[in-house]
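Using the sequences and the hints given, assemble the complete structure.
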Amino acid sequence: GAWIYPFVLVVQPLIGAIAAGNAVVVKPSEISEHTARLLADLLPQYIDPELYPVVTGGVAETTELLTQRFDHILYTGSSAVGKIVMAAAAKHLTPVTLELGGKSPCYIDKDCDLAVACRRITWGKYMNCGQTCIAPDYILCDPSIQDKVVENIKTTLQEFYGEDVKKSPDYERIVNKRHFRRVLALLEGQKVAHGGEADEASCFIAPTILTDVSPESKVMEEEIFGPVLPIVTVKSVDEAIEFINRREKPLALYVFSNNKKLIKSMTAETSSGGVTTNAVFMHSVIPGLPFGGVGNSGMGAYHGRHSFETFSHRRACLIKDLKMEGANKLRYPPSSQKKVDWAKFFILKRFNKGRVGLVILALLGVVAAVVIK
Amino acid sequence: NPYAGLVSRLRAAWLSGKTRPVEYRVAQLEALGRFLEEKQQDILEATALDMRKPSFEAYFSEILLCKNELNNTLNNLSHWMKDEHVEKNLVTQLDSAFIRKDPYGVVLIIAPWNYPIHLFFVPLIGAIAAGNCVIVKPSETTKNIERLVAEALPCYLDNDCFAVVTAGVEETTKLLENKFDYIFFTGSPSVGRIIMTAAAQHLTPVTLELGGKNPCYVSDTCEVHNVARRVAWGRFFNAGQTCVAPDYVLCSVEMQDKLMPALREAITEFYGPNPQESPDFARIVGDKQFQRVRALLSSGRVAIGGQTDEQERYVAPTVLADVQPSDPAMQEEIFGPILPIVVVSSMDEAIDFINARPPPLVLYVFSCDSKVVKEVLERTSSGGFCGNDVLMHVTLTSLPFGGIGNSGLGKYHSRFTFDTFTHHRGCLHRNMGLEAINALRYPPYNQQKLGLLTAAFEIKRKGMCTLL
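From first to last, the protein sequence lines are chains B and W.
Per our numbering, residue 132 is the first one in the first sequence, and the count goes up by one each step.
Per our numbering, residue 4 is the first one in the second sequence, and the count goes up by one each step.
Some hints could be false.
Listed next, the in silico BS3-like pairs over lysine-lysine satisfying Cα-Cα at most 25 Å (straight line) [stated by the list, open to error]:
id: 1; chain 1: W; residue 1: LYS182; chain 2: B; residue 2: LYS214
id: 2; chain 1: B; residue 1: LYS392; chain 2: W; residue 2: LYS91
id: 3; chain 1: W; residue 1: LYS452; chain 2: B; residue 2: LYS297
id: 4; chain 1: W; residue 1: LYS182; chain 2: W; residue 2: LYS21
id: 5; chain 1: B; residue 1: LYS222; chain 2: W; residue 2: LYS182
id: 6; chain 1: B; residue 1: LYS451; chain 2: W; residue 2: LYS377
id: 7; chain 1: W; residue 1: LYS261; chain 2: B; residue 2: LYS460
id: 8; chain 1: B; residue 1: LYS454; chain 2: W; residue 2: LYS261
id: 9; chain 1: B; residue 1: LYS469; chain 2: W; residue 2: LYS70
id: 10; chain 1: B; residue 1: LYS241; chain 2: B; residue 2: LYS366
id: 11; chain 1: B; residue 1: LYS241; chain 2: B; residue 2: LYS158
id: 12; chain 1: W; residue 1: LYS91; chain 2: B; residue 2: LYS391
id: 13; chain 1: B; residue 1: LYS395; chain 2: W; residue 2: LYS374
id: 14; chain 1: B; residue 1: LYS297; chain 2: B; residue 2: LYS308
id: 15; chain 1: B; residue 1: LYS454; chain 2: W; residue 2: LYS91
id: 16; chain 1: B; residue 1: LYS392; chain 2: W; residue 2: LYS85
id: 17; chain 1: W; residue 1: LYS70; chain 2: B; residue 2: LYS460
id: 18; chain 1: B; residue 1: LYS285; chain 2: W; residue 2: LYS452
id: 19; chain 1: B; residue 1: LYS308; chain 2: B; residue 2: LYS241
id: 20; chain 1: W; residue 1: LYS85; chain 2: B; residue 2: LYS395
id: 21; chain 1: B; residue 1: LYS391; chain 2: W; residue 2: LYS104
id: 22; chain 1: W; residue 1: LYS85; chain 2: B; residue 2: LYS391
id: 23; chain 1: B; residue 1: LYS297; chain 2: B; residue 2: LYS285
id: 24; chain 1: W; residue 1: LYS177; chain 2: B; residue 2: LYS214
id: 25; chain 1: W; residue 1: LYS104; chain 2: W; residue 2: LYS85
id: 26; chain 1: W; residue 1: LYS104; chain 2: B; residue 2: LYS395
id: 27; chain 1: B; residue 1: LYS241; chain 2: B; residue 2: LYS279
id: 28; chain 1: B; residue 1: LYS454; chain 2: W; residue 2: LYS177
id: 29; chain 1: W; residue 1: LYS374; chain 2: B; residue 2: LYS451
id: 30; chain 1: W; residue 1: LYS21; chain 2: W; residue 2: LYS104
id: 31; chain 1: W; residue 1: LYS21; chain 2: B; residue 2: LYS391
id: 32; chain 1: W; residue 1: LYS21; chain 2: W; residue 2: LYS85
id: 33; chain 1: W; residue 1: LYS104; chain 2: B; residue 2: LYS392
id: 34; chain 1: B; residue 1: LYS298; chain 2: W; residue 2: LYS452
id: 35; chain 1: B; residue 1: LYS470; chain 2: W; residue 2: LYS182
id: 36; chain 1: B; residue 1: LYS451; chain 2: W; residue 2: LYS261
id: 37; chain 1: B; residue 1: LYS222; chain 2: W; residue 2: LYS177
id: 38; chain 1: W; residue 1: LYS21; chain 2: B; residue 2: LYS392
id: 39; chain 1: W; residue 1: LYS91; chain 2: B; residue 2: LYS395
Calculated from the structure, these hints are not laboratory results.
Here it is, written out as structure tokens:
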């Protein structure tokens, strides 16, 4: 599990693993220690601890755990640790599902309802204080609308959290001091258009917007995982696509536009784990859609039926009869050209299904007519 | 890195979008079809030179099955490429939710020597069909095929997007240092581990088609002659060098006594009194492999065959009786024309024997009693399963082919190959309207909003009713 959504990121995969008939070792994140302790206490009271034990611990314990042979490993976390998990799994040829992260780009088209777009983006960006793997990490937009974007986000922030964000019961904090310092450091040398206030004692960082951000700056290097929203200006859709493609494939791609063609080309010319247009997050709550990354943002997927599939082995079975050996003679040595020709006839699908289907239909029609009569 | 230039050239071609349109993919696949047609004779000759593959076997596995996959793919490609629309919940009713089939990018296919055309060709079909750029690395062990593929294939495929690399162990290690977007490997579990470890450095997803010892349980209630013929055919095809060959037989001591003459009869039927003279029996691919296989003969007792000829790398179709689990033939995948029989006293003992070992690529059960077949199937694990025959599950394009645990990871054949090389991308297209409904989930939060949101989002368990 991961600390950002510590309960669901353990329980949702667990549901799929149990449904598929496996025994499961659960290892919640040690960073969200209260949830970890709760899971360790509660789960054994509801499900058989012999089959579904909970293991708590940090890096050392996890490394030790990974030396054991598992039949599948699902890991949610950072790409750096994802590589370590996969390398450990390789020793046992254990298949893995890695739900990692990256910088999910959010492109805002000039031609769209900015008020609505910015409200939806604000909700997604600052929920959980920005600590969401599919949060819109940064904005790409034309320089002419940058100021309007900032204004709209400011208005929405006011609507959501009131005058004094620190006092709002609906605004979270950064999970710990280490991440607090990491996120704060990303603000160095940036143009802060809004926010920027911080308080180490409570790990509070105000909802922050940065403008005219340079693609080479630190805040554009790693996944932010905090309430800091950089805006990078691009002069065209093509420039935006090129920008996205020059970087690692993200977990999610967001596009805000009324132009269907633009949405289509942006989706087609980029790669990402998933896509939501004109909203954020929502592709992750549709059970029919597989949720996962690609490239650096992960491999494999789950949610809904895809969880069951992830934890299942599709075993191909063919059951034949021990009789009818005559038909097999075709494939046995000694060989002959005649046998080759017969084999070709049976194995190569030469029949046009359509025509055969029509013939069968005609025959059925005749049979039906006879029966009815 | 000697291959960095090649990989980045292919990546640039992929980013240009060249491989995406269905017309392009179809054109490349049709070119592959022409390769198979026009080079057919050369392929048969090369496999004959490399391992004395009988032309019947070569035609069946290297040409026929590949054509089948190709035609099946061409017939269904536009259907497979379509966006798959999915069920939506209450809140997303007016939206468009679907799974998009995206290519991964630049993929690497590494093939082994035992079916040197088939085992790169079939994955290649799926990789091209899915819209990727591909580097193919044929096996360096089958030199004639390697040369044929390296020289001829580039004449048929677009060299901007597809390349063949010839490489030994050292060069392949260098090749693997590059970042690929997918790696498809067929070979041994030990090399599979190396491939996956290299892939982990770049978080590259992999499909590993490996191997293992495929058990073949023969129950006491069965038609002995048919069993013997089918098992012998599967074991001695390609001189035993088949990843899905029945590796060893488990049966009772009475069945062993009945099987032996039946197997002897089948072998004579197939290859004549002196198999070394039969044009239908292959040879071991190389000296190293020959030494390895020959060493396995000191297991149990040689009941049929056992003759070898080092010059020709000939190992006779051999059946070993009363083999012990500690014997050399039971320590590794045989990959040769040797069939050990291990005696077990019951089906339960057979199942325990199988489960005590790593799950195999395929499990075979022969019985006239369908209950026996069913029970073995339910109490064991394997990549695939075939009751009352061998190898045939591999020829069905509707079945996924792959291993589990030590025998592999991932699956392919036909649509499953296309899916292997495709990133299934979840997409949701919403529109800008109906913003008022979204207000339910925005701060400031309150209990009322949560209640309404829950009602809108909830999935209830079927058959449960709540009394208000």
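Results of checking the hints against the structure:
no., hint, in the structure
1, W/LYS182 - B/LYS214, "holds (13 Å)"
2, B/LYS392 - W/LYS91, "holds (23 Å)"
3, W/LYS452 - B/LYS297, "holds (22 Å)"
4, W/LYS182 - W/LYS21, "holds (20 Å)"
5, B/LYS222 - W/LYS182, "holds (20 Å)"
6, B/LYS451 - W/LYS377, "holds (12 Å)"
7, W/LYS261 - B/LYS460, "holds (22 Å)"
8, B/LYS454 - W/LYS261, "holds (18 Å)"
9, B/LYS469 - W/LYS70, "holds (19 Å)"
10, B/LYS241 - B/LYS366, "holds (10 Å)"
11, B/LYS241 - B/LYS158, "violated (45 Å)"
12, W/LYS91 - B/LYS391, "holds (20 Å)"
13, B/LYS395 - W/LYS374, "violated (54 Å)"
14, B/LYS297 - B/LYS308, "holds (17 Å)"
15, B/LYS454 - W/LYS91, "violated (49 Å)"
16, B/LYS392 - W/LYS85, "holds (18 Å)"
17, W/LYS70 - B/LYS460, "holds (22 Å)"
18, B/LYS285 - W/LYS452, "holds (23 Å)"
19, B/LYS308 - B/LYS241, "violated (38 Å)"
20, W/LYS85 - B/LYS395, "holds (14 Å)"
21, B/LYS391 - W/LYS104, "holds (19 Å)"
22, W/LYS85 - B/LYS391, "holds (18 Å)"
23, B/LYS297 - B/LYS285, "holds (15 Å)"
24, W/LYS177 - B/LYS214, "holds (19 Å)"
25, W/LYS104 - W/LYS85, "holds (7 Å)"
26, W/LYS104 - B/LYS395, "holds (14 Å)"
27, B/LYS241 - B/LYS279, "holds (10 Å)"
28, B/LYS454 - W/LYS177, "violated (52 Å)"
29, W/LYS374 - B/LYS451, "holds (13 Å)"
30, W/LYS21 - W/LYS104, "holds (16 Å)"
31, W/LYS21 - B/LYS391, "holds (22 Å)"
32, W/LYS21 - W/LYS85, "holds (18 Å)"
33, W/LYS104 - B/LYS392, "holds (18 Å)"
34, B/LYS298 - W/LYS452, "holds (20 Å)"
35, B/LYS470 - W/LYS182, "violated (46 Å)"
36, B/LYS451 - W/LYS261, "holds (22 Å)"
37, B/LYS222 - W/LYS177, "holds (20 Å)"
38, W/LYS21 - B/LYS392, "holds (19 Å)"
39, W/LYS91 - B/LYS395, "holds (20 Å)"
Hint compliance for this structure: hints 11, 13, 15, 19, 28 and 35 are broken, all remaining hints hold.
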